[in-house]
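J.: Sequence:
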Amino acid sequence: MKKYLIILLLTLPLCLMAQTKVTLTGKVTAADNEPLIGVTVMEKGTTNGTMTDIDGNYTLLNVPENATIVYSMIGLITKEVKMDKGGVINVVMEDNTKMLDDVVVIGYGVVKKSDLTSSITTVKGEALKNMTSGNALYSMQGKANGVQITGSGGPGDNPRVIIRGVTTINGSDPLYVVDGVPMADGTNINFLNQNDIESIEVLKDASAAAIYGTRGSNGVILVTTKKGSEGKVKFQVNASLGMQTLSKPDMANAATYEKVFKERYENDKAKGGGNAPWDVAGIGSFSDTDWWDQTVNDVAYTQSYNFSFQGGTDKFVYSGSFGYFRQNSQFDVGYWERITGRFNTEYKFNSIVKAGVDFAPRYENWDDTPNLFDAIMRMDPTTPVYRAREDWGANEYNNYARSYHNQVWNPAGSIARQNKHSNEYGLMMNPYLSIEPIKGLVARTQFSVNARFRMTDNYTPKFYIDNLEQSEQSKIERNSNHWVDWTWTNTLNYMRTFNEKHNLNLMGGFTMEKFAQYWLTGSREALPSNHQDLQYVSAGTLNPQASGTDVYTSFLSYLGRVMYNYDNRYYLTASIRSDGSSLFPEGSKYATFPAASVAWRVSEEGFMKNQNIVSNLKIRAGWGQVGNTKIDPNSYLNLIGTSDYVFNSDRYVGTSISSVGNTTLKWEKVEDYNLGIDAGFLDNRLDITADIFLKKSKDMLIKQQNLMVTGFPMWNAEMWSNIGSMEAKGWELSVNWKDQMRDFNYEVGVNLSSVKNIAKGFGLTTEYLRGGFFNEYIIKNEVGGEISRFYGYVADGIFQNWTEINSHTSNTGELLQPDAVPGDIRFKDLNNDGVFDEKDKTYIGSAFPDLMVGLNIRLGYKNFDLVSNFYGTIGNDIYNSAKGGFYAGTEGQNVFADAYDKAWRGEGTSNYYPRLSYTDANLNYRRVSSFFVEDGSYFRCKLLQIGYTLPTKMTKGLGIRLSASAQNLFTITSYSGMDPERAALGSALEAGIDNLGYPNPRTFLFGLNINF
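Here full-length UniProt numbering is used: the first residue of the sequence shown is 1, the next is one more, and so on.
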């Protein structure tokens, strides 16, 4: 027996190798029995495939008898058929109505895509995971129309998100809702592992967002995480390693720097009749320090690892994941690290009752990344990194050199002293119970807790470089912040179809929410030494300080919604929400937010049946009201703060009113109108969505300062008031095309959107000025005009000679620019009154774009795939506030390498860049003018990824995909600064001023995905 068993085992591989292969034939037809042309027929897990001919027939050679055959075509539902005895398989394919009937998450429920009456954009998790990022919002750039997402590339960065423009000055952040749980205002959703995300829905108009009432004015972003599914457990492993680089700005070396400064002094006859403060012939005695190379690393690494599983039975389904992400900064200090876990379960007790819980712990830790790019670029190159070695002392922080020619702190020393570290533990738990006592009636209760605990230690060492660059005492500070938020949601849903054509969906419920923050800080100075082991608060010997506070905010809400459609042709949705908030005084705590929308699905009408071009056509219209509660707690109460008083030349600390309460405060509301159309053509291979919208705010909440009218003496006393209004109006257009040709499939999508943000009122004032620049404001927000517009003088070229200066006069012959000399900027006398003054200022640029563009491309050929995403803006301007200094050498700072060559130094040499000047008497570089305004339009390749999936016959059933990708690969722009995307950041009323923040890095990644 043993002998026969051995023989059997030895011959088994030969039997397997010799398994019978057949020729497979068949016909593929549609549901109406019409033949289908161009259907791809593939042996699963291989590259063996063919396509159907004009009669729907196909022939596939060399097919194993036990193979699985896959039939696919754009617009049709993919089918898999297991080979049986014989070599003939005929298949009937069905239209992929799933494209229209995908389930879309809406507030407190779900709905089929075909039944939507509001403007909602869905981004699937599959589209997010191609891009490796610590924040899923970056992966949405260009994919969600009407959503402007901009940010820097710093570790743990939180991007700015604007949905359909700005209607309030109190922040543009939307409301984030994760698995039905509203997050607190200001939440950074980088705590989410984007590999856990099933889909992200963006509720853009009020007819969709009004169900969230109080906090829906800036739009709502719903995040749904992956759930379990019935079937055998599936595992997935994802890993990627990336290398980040930054483009190095071309700064002057020591020789060019000194040439610039010699000419500056000579042009203005400063320092002894034109002599520079150093002898240019002695350049060799100075250092030639490349501060970028000394402080910025060529490569910074990013890592991402994820393990997930999913499965279940008809009773119990589950999914889980563990993730790790780390991003280093380009400096020797600064990183962000995140560890996440998630376990989502649901148990079905019987046909009536089911319960589940989502459990998601997380841990983050980071060292703050210093923002030193400005200092690195301004630091003069003649200064060495360190003092001469013979001047070194025991305190290592004293050994850095002081800048020879400006007041910029040594950036290498700043990096060495940087010591701020944070740890945060978080837990989000979401248990729920669902009961369906009768068919169609579902009662659901859900109690959610989101808690996080953060500890931050900040140590400043004692050091002395000179009187300007020093810290007299070391200091250690510890901050403890705890956030504990809970939400209790109760809803009752009823769905029923009457007489086969009347479809009704009713929802009602109430929610209770409470957000609590506990803050405590303590500090001491004069630690015994800078040694790391002594960096704790009790080690300090001087000036003990402690403070803390608790902040609570609560909401009580009642909500309801009716969704009705007749015969899947005529749709009506109406909702209402009543919110109560602790932020408002008695008599104003509650507000009601109604909404309604209608739709007509034209493609379902009888007159549209006998044609094969239009697959889907729906017209939508919606209206609604949403609110905003972004004000400080206790804003209706008078608050007391500390203040200094002087008596008999002595200073004393006392108390006074710091914030004036307003007992008439009420909700800020936004009224929203939307008209849209959804259309699909050629079996939905071509998909078009277009919307126009108008949003108008009223009773806008504004914090006013210096309100002497209140009768309180504090010059900085503040009071919240309902005194403003704004308007945003615009349009959106999305066009997507997808098709398949034999082994090649592709998809191309273009998103275009435009919005104008108009200030309608600021209460007691007609303007809000923002953005300081040499004691002038850069931005003027004026009633009746767009917000975040730059306001200043118009630069009109360069004075080439004295004749031009002497002819630039008033009506009485007086010089308009008496301090100008040839080579200075000529500024326009716009109102032609013969006087050059404030009245000649005008709007010289706008921070918000005329057009936002997204382009998404996906290609597939056999086992290869390519994904590319592009995002950009057109028509926005950037105020390059750093530009003047880098061409003028203001206050001794370094300059661009081409500053000397570009400067004016004689007639015709330049009509844009002025002469080099030490005194800048004409204020070429210190006056807000159009000289600093540049076109900020850009088009950036956000992602280019190529992947290859190994054939399953090579991997023994494993699904293995290898990928290589580049993020922020290239940028098309005329902007001269480091990063047009980063430069566009800022608050609603103060956007587009480039202050040299952390730019977006170019990242190259290699990835591995394994499924089994």
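Wrong hints could be hidden among the right ones.
What the hints assert, rightly or not - Below, computed lysine-lysine pairings styled on DSS-like, alpha-carbon distance capped at 30 angstroms:
| hint | residue 1 | residue 2 |
| --- | --- | --- |
| 1 | Lys738 | Lys696 |
| 2 | Lys883 | Lys839 |
| 3 | Lys738 | Lys703 |
| 4 | Lys862 | Lys129 |
| 5 | Lys82 | Lys883 |
| 6 | Lys248 | Lys259 |
| 7 | Lys82 | Lys27 |
| 8 | Lys113 | Lys696 |
| 9 | Lys227 | Lys698 |
| 10 | Lys630 | Lys666 |
| 11 | Lys21 | Lys862 |
| 12 | Lys420 | Lys232 |
| 13 | Lys354 | Lys124 |
| 14 | Lys698 | Lys79 |
| 15 | Lys729 | Lys696 |
| 16 | Lys269 | Lys82 |
| 17 | Lys259 | Lys234 |
| 18 | Lys348 | Lys113 |
| 19 | Lys269 | Lys902 |
| 20 | Lys269 | Lys112 |
| 21 | Lys738 | Lys760 |
| 22 | Lys259 | Lys883 |
| 23 | Lys21 | Lys44 |
| 24 | Lys226 | Lys902 |
Stated by the list, open to error - Derived DEER-like restraints, expressed as beta-carbon distance ranges:
| hint | residue 1 | residue 2 | range |
| --- | --- | --- | --- |
| 25 | Val735 | Glu907 | 34 to 42 angstroms |
| 26 | Lys79 | Lys439 | 58 to 66 angstroms |
| 27 | Ile1010 | Tyr746 | 24 to 32 angstroms |
| 28 | Ile1010 | Gly580 | 45 to 53 angstroms |
| 29 | Phe343 | Lys514 | 44 to 52 angstroms |
| 30 | Val110 | Leu572 | 16 to 24 angstroms |
| 31 | Lys439 | Tyr566 | 38 to 46 angstroms |
| 32 | Lys514 | Ala443 | 17 to 25 angstroms |
It should be emphasised that the hints constitute simulated quantities derived from the structure, not laboratory data. No residue lacks a Cβ here, since even glycine has one placed at the ideal position from N, Cα and C.
J.: Each hint should be assessed against the structure and marked as holding or not.
T.: Each hint tested on the structure:
no.: 1; hint: Lys738 x Lys696; in the structure: violated (37 angstroms)
no.: 2; hint: Lys883 x Lys839; in the structure: holds (25 angstroms)
no.: 3; hint: Lys738 x Lys703; in the structure: violated (50 angstroms)
no.: 4; hint: Lys862 x Lys129; in the structure: holds (21 angstroms)
no.: 5; hint: Lys82 x Lys883; in the structure: violated (67 angstroms)
no.: 6; hint: Lys248 x Lys259; in the structure: holds (22 angstroms)
no.: 7; hint: Lys82 x Lys27; in the structure: holds (16 angstroms)
no.: 8; hint: Lys113 x Lys696; in the structure: holds (28 angstroms)
no.: 9; hint: Lys227 x Lys698; in the structure: violated (41 angstroms)
no.: 10; hint: Lys630 x Lys666; in the structure: holds (12 angstroms)
no.: 11; hint: Lys21 x Lys862; in the structure: holds (22 angstroms)
no.: 12; hint: Lys420 x Lys232; in the structure: violated (47 angstroms)
no.: 13; hint: Lys354 x Lys124; in the structure: holds (26 angstroms)
no.: 14; hint: Lys698 x Lys79; in the structure: violated (54 angstroms)
no.: 15; hint: Lys729 x Lys696; in the structure: holds (9 angstroms)
no.: 16; hint: Lys269 x Lys82; in the structure: violated (91 angstroms)
no.: 17; hint: Lys259 x Lys234; in the structure: violated (67 angstroms)
no.: 18; hint: Lys348 x Lys113; in the structure: holds (27 angstroms)
no.: 19; hint: Lys269 x Lys902; in the structure: holds (21 angstroms)
no.: 20; hint: Lys269 x Lys112; in the structure: violated (76 angstroms)
no.: 21; hint: Lys738 x Lys760; in the structure: violated (43 angstroms)
no.: 22; hint: Lys259 x Lys883; in the structure: holds (19 angstroms)
no.: 23; hint: Lys21 x Lys44; in the structure: holds (15 angstroms)
no.: 24; hint: Lys226 x Lys902; in the structure: violated (57 angstroms)
no.: 25; hint: Val735 x Glu907: 34 to 42 angstroms; in the structure: violated (53 angstroms)
no.: 26; hint: Lys79 x Lys439: 58 to 66 angstroms; in the structure: violated (31 angstroms)
no.: 27; hint: Ile1010 x Tyr746: 24 to 32 angstroms; in the structure: holds (26 angstroms)
no.: 28; hint: Ile1010 x Gly580: 45 to 53 angstroms; in the structure: holds (50 angstroms)
no.: 29; hint: Phe343 x Lys514: 44 to 52 angstroms; in the structure: violated (25 angstroms)
no.: 30; hint: Val110 x Leu572: 16 to 24 angstroms; in the structure: holds (18 angstroms)
no.: 31; hint: Lys439 x Tyr566: 38 to 46 angstroms; in the structure: violated (21 angstroms)
no.: 32; hint: Lys514 x Ala443: 17 to 25 angstroms; in the structure: holds (23 angstroms)
Checked against the numbered hints given earlier, this structure breaks hints 1, 3, 5, 9, 12, 14, 16, 17, 20, 21, 24, 25, 26, 29 and 31; the rest are met.
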